[in-house]
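Chain residues, written in single-letter form:
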Amino acid sequence: METDLVPLLRNTLAGIIGVVLLAWFVSDEDRAIRSTRVTGPLSLILGVLWLGMVVFYAPIEKVQGIVQKIFYVHVPCVPAAYLGFLFTAVGGIGYLRTHKLSWDRVAQSSAEVGVLFCTLILLSGPIWAKPIWGHWWVWDLRLTSILVLWFIYVAYLFLRGLAFGSDTARTFAAIYGIVGTAGIPFVYYAIDIVQGSTLHPENPARAGLPPEMAWTLIVGILAFLVFYFYLTAQRLEIARVEEQVRRTLMAEQA
Amino acid sequence: MSPPGPRIAMAVLGKDLLLDLRTRERLGHMAVFAALVVVLLGLTLPTSRAARSDWIPALLWIVFLFTSLLGLSRSFQAETEEGAVAMLIQAPCDRGWVFLGKAAANLIALFGIQLWTALLFGIFLDVDWGPALPAALGVAFLGAAGLSALGSLLSAMSMFVRFRDFLFPILLFPLVLPLLVFASRMTATALEGGAISGLAWSALALYDWIFGCIGYFVFDYVLED
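Chains A and B supply the protein sequences, listed in that same order.
The first sequence begins at 1 in our numbering and counts up by one.
The second sequence begins at 255 in our numbering and counts up by one.
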């Protein structure tokens, strides 16, 4: 198998799956929640397959040794985290335009799951960096931008938490989600000026991985994306139940 | 665009400036706070001028950021205390203009504080602004503009939220990080006597422009509730 076919295949596959699931998710909340029946077992199967491939199939890297295997956890978190933040902005815009609560729930659930994957990126990175670079942290473009992203979306969740359940909270959260997304290119550019060159390994799509490693990575990315959708749909359901409980309580008080 | 928009923006600007000048509360607190921090820096930084000169641009902008935080978080307090928000909401124009008036008033206040901080750095920390002055003033103005655009929007939002004093910096800091990086780098270049690249100027101006526009367009939603 040609090595440059791997990134092409991976990107196309991820793109198609992403677009299809995106359309599926936002068009109907019930369907999104029902999708857990598929994504739940599928993420279990893919997860087991991925773990098996990481341990038994992917070779141990010659220079870095066993530590390199963190790569199969670290990299698949990235698309899931970005997808989470993308949905946060999409849900926010949808809510501002239509004032439909289901959009707000999409934004909230995506932000929480996005922060989860972002945290995993930030935790798994330093474990690899310490033995390889000799430092837990360097002020590198990719590391720092992910860290700032994490801060932006944690602030978003704080904002939601402190103004719980009101229309004001939803509106402000939507605005902050949009402002945060607008800030991301500046964050990238600013850190780029500071650091200039990057220490971080190249994008694996361009680095020409051996097929065993590439396939393990592809399965990992798929597994994490399916898991992302599973978690988001679960969170959506919880958010909807919360809303129903709140309504019932209000109706009883009235 | 409804015609009274600019007039209302000017009225909000005029009112805020008048309030700042009459009460002198906001400006006074910011000025004293900046002076205190500069004194703390003077006593804690290494004494040799060479050792601390590398730190000066970053410290200048961090002092400025913290000082601005005090002023910005108060920017909408007067409106909520006197129930003036209800009047602002009734302004017969797109509410984006109210935002522009607020942001302009904050820009003037922050730019003034920025000059004051720079003066304090000159006096207490021995910074020689001389030849760097025109460029540094430009950077200070653009930096203050970005900070007031984003700060006015976020401070209006945090007005209606619990624990606003805690929330406001957490909302603001990650988003002003690029501004702080651009501005402190540009100030450093100016102090070293180098020419600031056109790219850096445009990055800072673009930042101001984008967040100014976002503020203008979303402010309607902020005042909605």
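Everything labelled a hint here was simulated from the structure, so no lab data went into it.
Here a beta-carbon is modelled for each residue, glycine too, at the ideal position from N, C-alpha and C.
Please note that the accuracy of each hint is not assured.
So the derived label-pair ranges between C-beta atoms look like this [said to hold, decoys possible]:
1. 309/B / 192/A: 55 to 63 angstroms
2. 301/B / 192/A: 46 to 54 angstroms
3. 30/A / 343/B: 57 to 65 angstroms
4. 248/A / 309/B: 44 to 52 angstroms
5. 234/A / 281/B: 27 to 35 angstroms
6. 366/B / 154/A: 46 to 54 angstroms
7. 277/B / 20/A: 56 to 64 angstroms
8. 467/B / 15/A: 24 to 32 angstroms
9. 369/B / 168/A: 34 to 42 angstroms
10. 277/B / 168/A: 43 to 51 angstroms
Right, here's what the structure says about each hint:
1. 309/B / 192/A: 55 to 63 angstroms: violated, 22 angstroms
2. 301/B / 192/A: 46 to 54 angstroms: Since the Cβ atoms of residue 301/B and residue 192/A sit about 35 angstroms apart, the hinted range of 46 to 54 angstroms is violated.
3. 30/A / 343/B: 57 to 65 angstroms: Roughly 37 angstroms apart at Cβ, these two residues miss the hinted range, so it is violated.
4. 248/A / 309/B: 44 to 52 angstroms: violated, 58 angstroms
5. 234/A / 281/B: 27 to 35 angstroms: violated, 51 angstroms
6. 366/B / 154/A: 46 to 54 angstroms: violated, 33 angstroms
7. 277/B / 20/A: 56 to 64 angstroms: holds, 59 angstroms
8. 467/B / 15/A: 24 to 32 angstroms: Because 30 angstroms falls inside the window, the suggested range holds.
9. 369/B / 168/A: 34 to 42 angstroms: holds, 36 angstroms
10. 277/B / 168/A: 43 to 51 angstroms: violated, 28 angstroms
Checked against the numbered hints above, the structure breaks hints 1, 2, 3, 4, 5, 6 and 10 and satisfies the rest.
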